[in-house]
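Engineer: In order, the protein sequences belong to chains A and B. If you use our numbering, the first sequence closes out at 637, no skipped numbers anywhere. If you use our numbering, the second sequence closes out at 558, no skipped numbers anywhere.
There's no promise every hint is true.
Below, simulated DMTMM-like cross-link-like pairs (lysine to aspartate or glutamate); rule was C-alpha separation at most 20 Å, straight line [what the hints assert, rightly or not]:
| no. | chain 1 | residue 1 | chain 2 | residue 2 |
| --- | --- | --- | --- | --- |
| 1 | B | K466 | B | E548 |
| 2 | A | K412 | B | D340 |
| 3 | A | K412 | B | D335 |
Per the computed footprint, the stretches of chain B lying under chain A, defined by three or more beta-carbons under 8 Å from a beta-carbon of chain A, are [to be verified]:
| no. | stretch |
| --- | --- |
| 4 | 292-298 |
| 5 | 317-323 |
| 6 | 331-337 |
| 7 | 415-427 |
Don't read these hints as lab results, they were simulated from the structure. Even for Gly, the Cβ is constructed at its ideal location relative to N, Cα and C.
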Amino acid sequence: MQQVIHIFKKEFSTYFISPIAYIVISIFLLVTGWFFFTTFFLNDQANLRYFFNMQPIILSFIIPAVTMKLFSEEMNIGSYETLLTLPVTSLDVVLGKFFAALAFCAAMLLPTLAYPISVSFLGDLDFGPVIGGYTGVILLGGAFSAIGLFASSLTRNQIIAFIIGMAICFSLTMIDKMLFFLPSSLLGFFSYLGAGYHFQNISKGIIDTRDILYFVSISFIGLYAANLSLKVKN
Amino acid sequence: MIHVENLTKYYNTLCAVDQINFDIHKGEILGLLGPNGAGKTTTLRMLTGFLKPTTGSVRVKNFSIDQNALEIKKILGYLPESAPLYHDMLAFDYLNYIASIRGIDGSKKLERIRELSDICGLSSIMHQPIGELSKGYKQRVGLAHAMMNDPEILVLDEPTSGLDPNQIVEIREIIRKIGKEKTVILSTHILSEAEATCDRVVIINKGKIVADDSTETLKQSAGGQAVVNLSLENAGYDIVEKEITDVEGVTGVTKIDETNGILKVKIFCKNDNDCRGKIYNRIKRTDWVIMEFYQEAQSLENIFRELTKEN
Numbered sequence: 404m405q406q407v408i409h410i411f412k413k414e415f416s417t418y419f420i421s422p423i424a425y426i427v428i429s430i431f432l433l434v435t436g437w438f439f440f441t442t443f444f445l446n447d448q449a450n451l452r453y454f455f456n457m458q459p460i461i462l463s464f465i466i467p468a469v470t471m472k473l474f475s476e477e478m479n480i481g482s483y484e485t486l487l488t489l490p491v492t493s494l495d496v497v498l499g500k501f502f503a504a505l506a507f508c509a510a511m512l513l514p515t516l517a518y519p520i521s522v523s524f525l526g527d528l529d530f531g532p533v534i535g536g537y538t539g540v541i542l543l544g545g546a547f548s549a550i551g552l553f554a555s556s557l558t559r560n561q562i563i564a565f566i567i568g569m570a571i572c573f574s575l576t577m578i579d580k581m582l583f584f585l586p587s588s589l590l591g592f593f594s595y596l597g598a599g600y601h602f603q604n605i606s607k608g609i610i611d612t613r614d615i616l617y618f619v620s621i622s623f624i625g626l627y628a629a630n631l632s633l634k635v636k637n
Numbered sequence: 248m249i250h251v252e253n254l255t256k257y258y259n260t261l262c263a264v265d266q267i268n269f270d271i272h273k274g275e276i277l278g279l280l281g282p283n284g285a286g287k288t289t290t291l292r293m294l295t296g297f298l299k300p301t302t303g304s305v306r307v308k309n310f311s312i313d314q315n316a317l318e319i320k321k322i323l324g325y326l327p328e329s330a331p332l333y334h335d336m337l338a339f340d341y342l343n344y345i346a347s348i349r350g351i352d353g354s355k356k357l358e359r360i361r362e363l364s365d366i367c368g369l370s371s372i373m374h375q376p377i378g379e380l381s382k383g384y385k386q387r388v389g390l391a392h393a394m395m396n397d398p399e400i401l402v403l404d405e406p407t408s409g410l411d412p413n414q415i416v417e418i419r420e421i422i423r424k425i426g427k428e429k430t431v432i433l434s435t436h437i438l439s440e441a442e443a444t445c446d447r448v449v450i451i452n453k454g455k456i457v458a459d460d461s462t463e464t465l466k467q468s469a470g471g472q473a474v475v476n477l478s479l480e481n482a483g484y485d486i487v488e489k490e491i492t493d494v495e496g497v498t499g500v501t502k503i504d505e506t507n508g509i510l511k512v513k514i515f516c517k518n519d520n521d522c523r524g525k526i527y528n529r530i531k532r533t534d535w536v537i538m539e540f541y542q543e544a545q546s547l548e549n550i551f552r553e554l555t556k557e558n
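For reference, chain A alone in the conformation it holds in the complex (with noise of 0.2 Å):
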């Protein structure tokens, strides 16, 4: 658990270190902010739904973006030799770049705290389903990471991590909203699989644990399969 925090300080404080950081805190402030505040006032409504409702999509981008050098830098440069001999697990490598790659989903979304408060000067919000939707962007953000990281211990090559990672989120994005194609039979249990679908009902304020259990493992899935990778890897 020692080895976590360090790992984990480590892979935080390098993310600042970069411009890269910054770069992708100002894109994401930016669409969001764009996209929030030129429905929001035509809808003459107090509420944040418009912003946790594109969450999805534009965290399936900028998350992959955020974790793709994880892994594949490291094995690039050749570091990923003198990180695991070092006396450190695989496992601990994974989760301390886990918690880094949420700790910074955590601090892009930090800034936009702006948006419930500057909301509640404008009208009555109902702060019920701003929390619930600030605890789903981080379940989301969690899920992605684990599925970025993978993608990222894959290839030493950021921009296919980075395309992977951006794949699958999407896939688990969109997938609940290409169902009307299929047979009514199978509808319930696709759309179970779409993170879109789960996340929509936490952001209206319902917090139920099938939803935060499908958040879970599915970040579970996505660490198990990044540790799998790693160790077949040698």
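We have chain A; now place chain B onto it with these hints.
Structural biologist: Quick look at chain B alone, frame taken from chain A:
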């Protein structure tokens, strides 16, 4: 200390290391020699637990690499080839991070980093990003990284590559100093380095051990031939060859060069008796002028070439 048994590694169908066996004792400096692609790095990677052997076992003290990898990693310091470190971290931050992972805490941490910075000569670059350092400095940071926990076993993959001659001498001195109490395994393709630092040499070729002995014994056992170089003025090759071949113990003479009236020859002698005196006595009788006269040290290089040549 380290016991390697039937260690084999296949990369798909390519056999990188083929059934090697050796023991390394405490306080020994072992040099792993071999041409490019002989399996040196692969062997070291298996010793450090980075790669899993296809078959065979590595035991360090009483730990097996499959079951107690973590215990082994704790007592082992490893510097991989060309010191791959995080480019965007400062040298100090990096060493600080390694110290934390190695479980060195609080006040001891700074003390240890200072100590290593003195040993490896890092004080001037402590606050520069590793990516901007020259290769030599990177190598030194890597060495500091490997020595962080004062390991019982130090594994160095080509530790002096990229260093300037002064630094090479310094690093060799460090290695020898460490080797007095600790076990050091280093791989190199620079033979003079192995000769200068190692107590024992293992030569690998195509994944197999072709020699495993102390440098002294290796030199004695090899070839059994000594080479004397001779440069003469005022002499013709034909007559020199005739006269010298006649000397007892000389097995052959070859011409190397003849320019500006100076004739250079190589004389091959039996190794067991020094025939320089006899050659000199023979030359004394003639009116040749000796410009150069020395015996080539029988170097590891010849042995190495002999053992690893392509068939």
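Engineer: All hints, please: hold or fail.
Structural biologist: Outcome of the hint check:
no.	hint	result
1	K466/B to E548/B	holds, 10 Å
2	K412/A to D340/B	holds, 11 Å
3	K412/A to D335/B	holds, 15 Å
4	292-298	holds (count 5)
5	317-323	holds (count 4)
6	331-337	holds (count 6)
7	415-427	violated (count 0)
Going through the hint list in order, the structure does not satisfy hint 7, though it satisfies all others.
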